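One-letter residues, chain by chain:
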Amino acid sequence: MCGIIGVIDRTKARMDGSSIKKALSLMNERGSGEGAGYVAYGIYPDYPDCYAIHVFFDNLVEPKSKVDEVLHKWGRIVHQEEIPTYEQPCLKREHIPWRYFYRPYTEFIVGSNNPAEDIIKHLVMTVNSTIPGALIFSSGINLGVFKAAGWPEEVADFYRIEDYKGYIWLAHNRYPTNTPGWWGGAHPFNLLDWAVVHNGEITSYGTNRSYVESNGYKCTMSTDTEVVAYLFDLLGRRHGLPSEMIVEALAPQFWDEIDLLPEKEQKLKRTLRLTYGPALMNGPFAIVVATSKGIVGFTDRIKLRPLVVGENGSRLYISSEEAAIRVMDPEVKSIYMPRAGEPVVGRFSQ
Amino acid sequence: MSLGSVPLKYKISIDRDQCMKCMRCVDNCSYGVYRIEDDKILIDSRRCTACHRCISMCPRDAISLQEKPVDYRSHPLWTAQAREDIINQARTGKIILAGMGNAMDYPIIFDRLVLDACQVTNPSIDPLREPMELRTYLGKKPAKLEFTKSDKGDIELKTELSPNLKLDTPLMIGHMSYGAISLNAQLSLAKAVAKTGTFMGTGEGGMHESLYPYQSNMIVQVASGRFGVDINYLERGAAIEIKIGQGAKPGIGGHLPGEKVCSDVSCTRMIPLGSDAISPAPHHDIYSIEDLAQLVRSLKEATEWKKPIFVKIAAVHNVAAIAAGIARSSADAVVIDGFRGGTGAAPKVFRDNVGIPIEAAIAAVDKKLNDQGIRNEVSVIASGGIRNSADLAKSIALGADAVYIGTASLIALGCRVCGNCYRGLCPWGIATQQPDLVNRIDTDVGSQHVANLIHAWTLELSELMGAAGINSIESLRGNRERLRGYMLDEGMLKVLNVDPVGA
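Residue numbers (numbering that gives the first Met the number 0), protein chains in the order written: chain A, 0 to 349; chain W, 0 to 502.
If you are wondering where the hints come from, they were derived from the structure by calculation, not from laboratory data.
These numbers come from a predicted model, not from an experiment.
Some hints could be false.
Calculated pairs, DSSO-like style, for lysine-lysine (alpha carbon to alpha carbon, straight line, at most 30 Å) [what the hints assert, rightly or not]: (1) W:Lys-157 / A:Lys-266; (2) W:Lys-8 / W:Lys-347; (3) W:Lys-10 / W:Lys-93; (4) A:Lys-263 / W:Lys-151; (5) W:Lys-143 / A:Lys-263; (6) A:Lys-65 / A:Lys-266.
Just need the whole structure built from these sequences, with the hints factored in.
Take a look at the structure:
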């Protein structure tokens, strides 16, 4: 189950959240009212070089003072505020969503190619695994995740999603099957620049989790999708693989297909598969991942979950359902379904 | 005063109405249970080992065998076995020797682990209709990939893979040496692995030239005795395995009695005819991980860095730390042999009391390698008491890349686990060098049985994976989510890193 939708405007024209809310609500049959969420890139132009850290606090006393303490240790809080929310009749408010705009002290880390990102990753892992009552669920620059346990329209109205304008939007309507429906478990999942929405179940979760944890990540959100964000961060940011190569590592071609490739390509794919075997994802899934550079959507290798792509001018849509794309953009020009494992990539034109 | 004899273990009887006196039992029993006197088949049950050769060869099903109920005074502590061991040692003053694996009644952890299956939200995969990938590569893997940009701006792969063994199924046959088992047994196993796209170990007895045609499916072993080791031998192996220890007898070497060293065995092992082949407990050039690393690199250098090097250790208390050291010694794979592992001969006290179960050992090794961030860089092979495809699947879910089977492959050749391998009289032609007994194995038939077994387990493993919604073996490896512990205590669940059933 679960419904996903993503859109990118390749000219970086910003879209407000009203249409994606409609599109997501159309897929309510794919959800159960236990989780929905949105992420938008380009929403904080006033803080273009600050990390926007979104936190769920159980209360603003103990957990917040502990988080403040850790943040002060590693950098400077440029601005902070409670994320504006608007009470909804059926949405039970369980946490207080808060945001910090933050600059890490990069001189604290030596021997790192990207010290700022390493500090933020460290903060996310530390806060989420050691401070009860606090959960960092969004930590990238000029982007923000908004999620809660509720139906898509309730969550959208709770955060008043239409007030934000971004050039990439992803949204997710959740139907939790084997883990609890709670605010932290709602999608999108984010770490730094990576945000993920996912429909399906990852049967390789145990293996993937060991792999990311052995590389310094900590899974704390009791949900299989969390590892996808970390896998993208590990392979994309730390190992420097291009996004097509990450998709190939996570949903590789079958050995029989690899065996038929020309020698050079075969060698590349064999080496990739052997090196990143523990990152290979199994089970039914359709995933859309966003970064500040673009979006990529892909499914599992035997396509046990649907994925539809639509295009209209500078806009590229990826969703579980064609109808959702059409609700968002009735003028959509081309609609197609990618093959299993085939990445659909949308990048900015410049 | 004499201690007298101990009661017999098995009672053989013949249904005289059924028996047609064909004498097959007399011919087949190498332990001398049957003899013919005055046209009557006489039975000496005291000599019986319960090898079942006579029963399986009797055309009239006239023979029956019973394990004799104990006739000592029953006692929970002073069992018949405990008393008989004392009587035997009082008589001889020697170490008691035993064949096959650990015979103690330890709980089997495999049987307290259950596998997962999908229902509704996550479809199970039908291996008959969908691809199922069991292909396994054993050897070193890079931690990450590096790329360079060509002049044209194309991205080129810079990382070179180390040599890896390619297996069609994550199931190999472990090391059983020529000497411990017969040439026909080895040939049957070799033909079977060649047929099924996997590998077998030569054991520490060198490689007989009749196995050369199958050398690309053989892993040659370098043990402390260095029997049969020369450059020709090393180059013939698809991989080389350094044996430090063995699950059935951790901490000690090996002993092949001189009586089993016939001319062929002497040639293959490069030792004098009829001499005892004794491997020392340690390698006398290895007293630390650094020394091990030297041998690993020497073997790589000798074979031009073209072959993966495995290191086999017995599962012992600090197995995880040792395995991590091995992983950092340039070795490509670490083999962990649990205390249920078989053997031709071991001191009984070792076989039954030293070492730890393979299930706990794999989990501990997997955890340590993960904690150190090097799990995928080295392969882990589990062995020692793998009885069926479920044990295989559970081993992989606990963190192994592949498993070795030993006893199971011998059972496919006829072995009835009678545990008398060390006597060299194996009536099935497996653990013997007597030509008349060795000839009882037809290598074509034997290899077909072993190949059938590998094939059947491979099919079952595919089905188990499909049920769990997994279509690639990489995703089962170390995947604790697909396992649950049933009636295991909290401490063991923690070691295995497995949740209890219902969680």
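Status of the hints after comparison with the structure:
no. : hint                  : in the structure
1   : W:Lys-157 / A:Lys-266 : 11 Å, holds
2   : W:Lys-8 / W:Lys-347   : 18 Å, holds
3   : W:Lys-10 / W:Lys-93   : 27 Å, holds
4   : A:Lys-263 / W:Lys-151 : 16 Å, holds
5   : W:Lys-143 / A:Lys-263 : 19 Å, holds
6   : A:Lys-65 / A:Lys-266  : 50 Å, violated
Hint compliance for this structure: hint 6 alone is broken.
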